[in-house]
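S.K.: Below, each chain spelled out in residue letters.
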Amino acid sequence: MTPHVLTRSLDRSATIFILIVAGLGILIPLSNLLLPAGSMFQVPTYLVALWGKYVCYAILALSIDLIWGYCGILSLGHGAFFALGGYAMGMYLMRQIGSRGVYGNPVLPDFMVFLNWPELPWYWYGFDMFWFAALMVFVVPGLLAFLFGWFAFRSRVTGVYLSIITQAMTYALLLGFFRNDFGFGGNNGLTDFKDILGFNVQAEGTRCALFFLSCAALIGAFLICRAVVSSKLGKVLLAIRDAESRTRFLGYRVESYKLFVFTLSACMAGVAGALYVPQVGIINPSEFSPGNSIEAVIWVAVGGRGTLVGAALGAVVVNYAKTFFTSGPLAPYWLFMLGALFILVTLLLPKGIIGTFNTWWDQRKIELGNGAAASAAREDGAAPKPNPAE
Amino acid sequence: MTFTAPALAGSFEDAVAKFANDDFSDTDEAISAVAASGNPLAFPIISALKEERLSADPDTKKVFVTGTYGKVIDAATGAAVDKLPENAAPVRLNNRLRRAVDAALGSLTLLSTDPAKRIAAAQSVFKSHEESALAVIDDALAKETNKAVKAAFAEARAAILLYKSDATEVEKLEAVAIVKAKGDQEAMALLTGLPSDQPPNVARAVTSAMASIQSNLAMWSMVQNAWYGLSLGSVLLLAAIGLAITFGVMGVINMAHGEMVMLGAYTTFVVQEVIRTRYPGLFDYSLLIAVPLAFLVAGAVGVLIERGIIRFLYGRPLETLLATWGLSLVLQQAVRTAFGPTNREVGNPSWMSGAFELGQITITYNRLWILCFTLAIFVILLAMLRYTALGLEMRAVTQNRRMAASMGIATSRVDALTFGLGSGIAGIAGVALSQIDNVSPNLGQSYIIDSFMVVVFGGVGNLWGTLVGAFTLGIANKFLEPVAGAVLGKIAILVLIILFIQKRPRGLFALKGRAVEA
Numbered sequence: 001m002t003p004h005v006l007t008r009s010l011d012r013s014a015t016i017f018i019l020i021v022a023g024l025g026i027l028i029p030l031s032n033l034l035l036p037a038g039s040m041f042q043v044p045t046y047l048v049a050l051w052g053k054y055v056c057y058a059i060l061a062l063s064i065d066l067i068w069g070y071c072g073i074l075s076l077g078h079g080a081f082f083a084l085g086g087y088a089m090g091m092y093l094m095r096q097i098g099s100r101g102v103y104g105n106p107v108l109p110d111f112m113v114f115l116n117w118p119e120l121p122w123y124w125y126g127f128d129m130f131w132f133a134a135l136m137v138f139v140v141p142g143l144l145a146f147l148f149g150w151f152a153f154r155s156r157v158t159g160v161y162l163s164i165i166t167q168a169m170t171y172a173l174l175l176g177f178f179r180n181d182f183g184f185g186g187n188n189g190l191t192d193f194k195d196i197l198g199f200n201v202q203a204e205g206t207r208c209a210l211f212f213l214s215c216a217a218l219i220g221a222f223l224i225c226r227a228v229v230s231s232k233l234g235k236v237l238l239a240i241r242d243a244e245s246r247t248r249f250l251g252y253r254v255e256s257y258k259l260f261v262f263t264l265s266a267c268m269a270g271v272a273g274a275l276y277v278p279q280v281g282i283i284n285p286s287e288f289s290p291g292n293s294i295e296a297v298i299w300v301a302v303g304g305r306g307t308l309v310g311a312a313l314g315a316v317v318v319n320y321a322k323t324f325f326t327s328g329p330l331a332p333y334w335l336f337m338l339g340a341l342f343i344l345v346t347l348l349l350p351k352g353i354i355g356t357f358n359t360w361w362d363q364r365k366i367e368l369g370n371g372a373a374a375s376a377a378r379e380d381g382a383a384p385k386p387n388p389a390e
Numbered sequence: 001m002t003f004t005a006p007a008l009a010g011s012f013e014d015a016v017a018k019f020a021n022d023d024f025s026d027t028d029e030a031i032s033a034v035a036a037s038g039n040p041l042a043f044p045i046i047s048a049l050k051e052e053r054l055s056a057d058p059d060t061k062k063v064f065v066t067g068t069y070g071k072v073i074d075a076a077t078g079a080a081v082d083k084l085p086e087n088a089a090p091v092r093l094n095n096r097l098r099r100a101v102d103a104a105l106g107s108l109t110l111l112s113t114d115p116a117k118r119i120a121a122a123q124s125v126f127k128s129h130e131e132s133a134l135a136v137i138d139d140a141l142a143k144e145t146n147k148a149v150k151a152a153f154a155e156a157r158a159a160i161l162l163y164k165s166d167a168t169e170v171e172k173l174e175a176v177a178i179v180k181a182k183g184d185q186e187a188m189a190l191l192t193g194l195p196s197d198q199p200p201n202v203a204r205a206v207t208s209a210m211a212s213i214q215s216n217l218a219m220w221s222m223v224q225n226a227w228y229g230l231s232l233g234s235v236l237l238l239a240a241i242g243l244a245i246t247f248g249v250m251g252v253i254n255m256a257h258g259e260m261v262m263l264g265a266y267t268t269f270v271v272q273e274v275i276r277t278r279y280p281g282l283f284d285y286s287l288l289i290a291v292p293l294a295f296l297v298a299g300a301v302g303v304l305i306e307r308g309i310i311r312f313l314y315g316r317p318l319e320t321l322l323a324t325w326g327l328s329l330v331l332q333q334a335v336r337t338a339f340g341p342t343n344r345e346v347g348n349p350s351w352m353s354g355a356f357e358l359g360q361i362t363i364t365y366n367r368l369w370i371l372c373f374t375l376a377i378f379v380i381l382l383a384m385l386r387y388t389a390l391g392l393e394m395r396a397v398t399q400n401r402r403m404a405a406s407m408g409i410a411t412s413r414v415d416a417l418t419f420g421l422g423s424g425i426a427g428i429a430g431v432a433l434s435q436i437d438n439v440s441p442n443l444g445q446s447y448i449i450d451s452f453m454v455v456v457f458g459g460v461g462n463l464w465g466t467l468v469g470a471f472t473l474g475i476a477n478k479f480l481e482p483v484a485g486a487v488l489g490k491i492a493i494l495v496l497i498i499l500f501i502q503k504r505p506r507g508l509f510a511l512k513g514r515a516v517e518a
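Chains as they are written, first to last, in our numbering: chain A, 1 to 390; chain B, 1 to 518.
Derived by calculation from the structure, the hints in this document are not laboratory data.
Watch out, some of these pointers could steer you wrong.
To be verified - Listed next, the stretches of chain A that the computed footprint assigns to chain B, with coverage defined by at least 3 CB atoms under 8 Å from CB atoms of chain B:
#	segment
1	89-101
2	205-214
3	290-299
What the hints assert, rightly or not - Here are the simulated DSBU-like pairs of lysine-lysine, each with C-alpha atoms no more than 35 Å apart in a straight line:
#	chain 1	residue 1	chain 2	residue 2
4	B	62	B	150
5	B	127	A	53
6	B	83	B	180
7	B	503	A	235
8	B	62	A	232
Yeah, the Cβ is synthetic: ideal placement off N, Cα and C, and Gly gets one too.
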């Protein structure tokens with residue numbers, strides 16, 4: 001596709017996407033708070049939290065799409081950044097419990113009292129302040145991604161090797177966080193939250209506010225991703241995705257571009273995790289399990305890799321299906337369906353829902369002889385390899 | 001070893017009768033007399049006394065032993081009695097008597113007819129170094145003919161002498177030498193617990209003995225770790241070797257590899273179930289039957305996967321990774337549906353159970369067999385790649401796919417067979433792993449990350465790399481474990497591999513040449 005058509009079509013779908021997310025972000029909380037319970041249009045509180053969870057997943061999917069769809073880095077460890085952001089927020093929420101815990105210790109969280117820890121470990125300092133925790137939500141995943149990427153990209157670890165070591169990274173973190181002496185609650189993780197910024201996390205108002213914030217974060221992440229991919233930097237990223245060596249020979253510092261986008265993506269995943277934890281009410285080591293990270297990748301693949309709207313859509317569609325099937329009589333078959341989804345999407349729908357729709361839309365325009373721009377797009381744009389990466 | 005018959009039957013009965021006097025000093029005399037009598041009833045009587053199952057009738061002066069199942073016998077004659085007399089009361093003990101009873105029991109087992117029991121008794125004397133047992137030990141040592149038992153007695157005697165305050169210096173020095181020669185954890189504990197008021201010569205000997213035992217123990221713990229490492233390495237190699245073929249030769253990331261291992265394990269389970277219900281006599285051969293079956297089952301599934309999914313995804317490794325991950329979910333859930341989510345019981349055949357001692361370490365047969373089995377598989381595979389037509393074609397396709405195709409090799413057929421071979425080997429690995437791991441639908445999951453680490457660490461496309469990688473990781477893991485703990489050790493290994501890949505992105509033994517820049 002010519003840049004012109006690309007920008008225009010993205011602009012339109014981007015506007016629609018932003019409007020829908022903003023509309024949901026305002027209407028759902030309003031309907032929950034203002035309409036009487038039991039009314040047909042009233043969204044029950046549990047649904048607000050559930051959809052808040054989906055929105056957080058959509059942010060995670062965006063962050064994966066940014067590196068996979070636009071830079072060809074398949075990270076199988078993005079769940080780790082998500083979980084680290086979640087833990088940073090969880091630590092803040094734990095400190096807010098104060099003396100309302102089971103053991104009533106004003107400083108130590110319950111699990112530390114239970115383990116007979118005399119005082120707070122140093123890495124818990126500062127988490128009683130919201131601004132510090134909010135900063136850590138960016139810094140911790142970002143720093144890990146920066147260090148990891150610094151080593152990996154500079155020594156030109158690419159393709160499946162990178163995927164495997166990212167998986168090893170999240171697996172190592174999984175093992176670590178399961179340990180009690182790591183100081184993050186071990187197996188049970190962090191839970192039993194009471195307050196966030198002085199508001200009760202269980203209250204309807206707080207949940208609605210969190211939902212609104214998640215939608216705002218989704219729009220923000222979307223705009224950042226859009227800005228990145230439609231800038232010159234984004235063009236270099238695409239070049240790296242499609243022909244890494246050639247880009248390097250042209251004089252671009254491939255590793256710096258990769259490192260930047262990888263770190264940015266990890267920070268976004270961290271924010272998603274931080275918004276996820278107060279809405280779900282728990283964070284535990286299973287968030288680090290490699291399976292979670294791979295599942296997040298399939299959301300992107302389903303929605304359409306390399307289309308930002310698709311990534312967000314894929315996250316919501318797959319998770320909605322997951323909720324729908326795992327709560328019904330079909331629960332034992334969910335894993336069959338998820339597995340089949342992995343296989344069928346890669347085999348039959350490599351561009352995902354949005355990608356396929358875009359192709360179909362362009363084709364339809366040409367068939368209707370609708371304007372020279374579309375046929376130009378056809379001539380330039382239908383030629384690219386169906387799968388540019390690798 | 002035979003006992004000398006009781007010299008006087010009467011004296012044993014008199015001694016037993018003393019239990020009925022309800023007097024602590026009489027009971028004490030009775031204990032020593034009965035223990036020294038060598039009468040076969042002595043052991044039951046004294047152990048009954050310890051557990052308050054010995055009762056006496058103060059009127060008739062008869063003593064009775066109540067068995068654990070309520071059977072009552074006359075202690076003096078061993079004749080069965082219908083029930084305890086009305087006024088029979090348990091023989092009472094005080095703390096001093098309890099010690100006497102324990103010592104008597106120890107010395108009685110020292111004289112047991114079963115050599116294993118005698119050794120066990122000697123070892124318990126070694127640990128307790130109870131002075132009262134010295135006479136019995138000396139006695140037993142003189143009569144003993146069995147070499148192993150004799151050594152155990154000598155060690156027990158040395159332990160007693162070391163702690164005996166009035167033993168001569170020469171005796172003590174000899175004792176230290178014996179304990180030093182024993183050289184294990186118990187000897188160390190014995191010397192550490194020694195009171196410090198020893199003659200200077202003895203104290204010096206003890207210090208040097210402790211140092212020597214310490215270094216001996218350190219050496220054996222190295223050997224132990226090395227053995228555990230080899231064992232873990234063989235398991236890793238077994239799990240990774242099939243992956244080395246599919247990933248190394250074909251460049252295909254098969255995330256469902258672990259599930260091939262699982263299928264092999266479940267094949268073993270089915271084979272054992274059939275054998276248990278139909279032909280119980282064949283149980284010892286169940287693994288021999290399961291190996292080819294598991295190869296066929298997993299291999300057939302592998303060929304199906306290659307033909308059905310993977311061949312459409314060649315050249316798109318990341319998509320292959322996702323599709324095979326999905327496949328692994330489907331296979332796990334299918335097995336969970338068919339066999340249930342819980343662990344299934346897979347038994348060890350008799351030739352694989354048990355263990356033997358080598359110096360200070362214990363080697364279990366199943367681990368040893370798995371090590372041998374893994375090496376055998378490795379050699380067979382290596383020979384297959386080297387000497388058969390399929391092996392030649394596989395190597396040709398690995399090195400240059402298009403050139404191989406131009407030379408008339410049906411590359412897609414080779415691909416299918418290679419994938420089948422890799423999967424089949426994973427199935428065989430499942431048979432072996434079913435012997436040491438839980439057979440559950442999650443079996444494969446626990447190996448997949450480790451096997452990838454091995455292949456990536458060793459270098460893709462090179463079986464030797466996989467061998468070296470597996471054993472290096474296995475041994476490194478087991479040497480880190482005592483220092484850092486199991487989980488931290490594992491994390492350290494993962495971090496080290498991640499760092500190592502930065503240094504050598506293509507592994508230890510990288511393929512050289514243009515094939516690398518695929």
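S.K.: Give a verdict on every hint.
M.R.: Hint-by-hint comparison with the structure:
no.	hint	verdict
1	89-101	violated (count 0)
2	205-214	violated (count 0)
3	290-299	holds (count 4)
4	B/62 x B/150	violated (39 Å)
5	B/127 x A/53	violated (62 Å)
6	B/83 x B/180	violated (54 Å)
7	B/503 x A/235	holds (29 Å)
8	B/62 x A/232	violated (107 Å)
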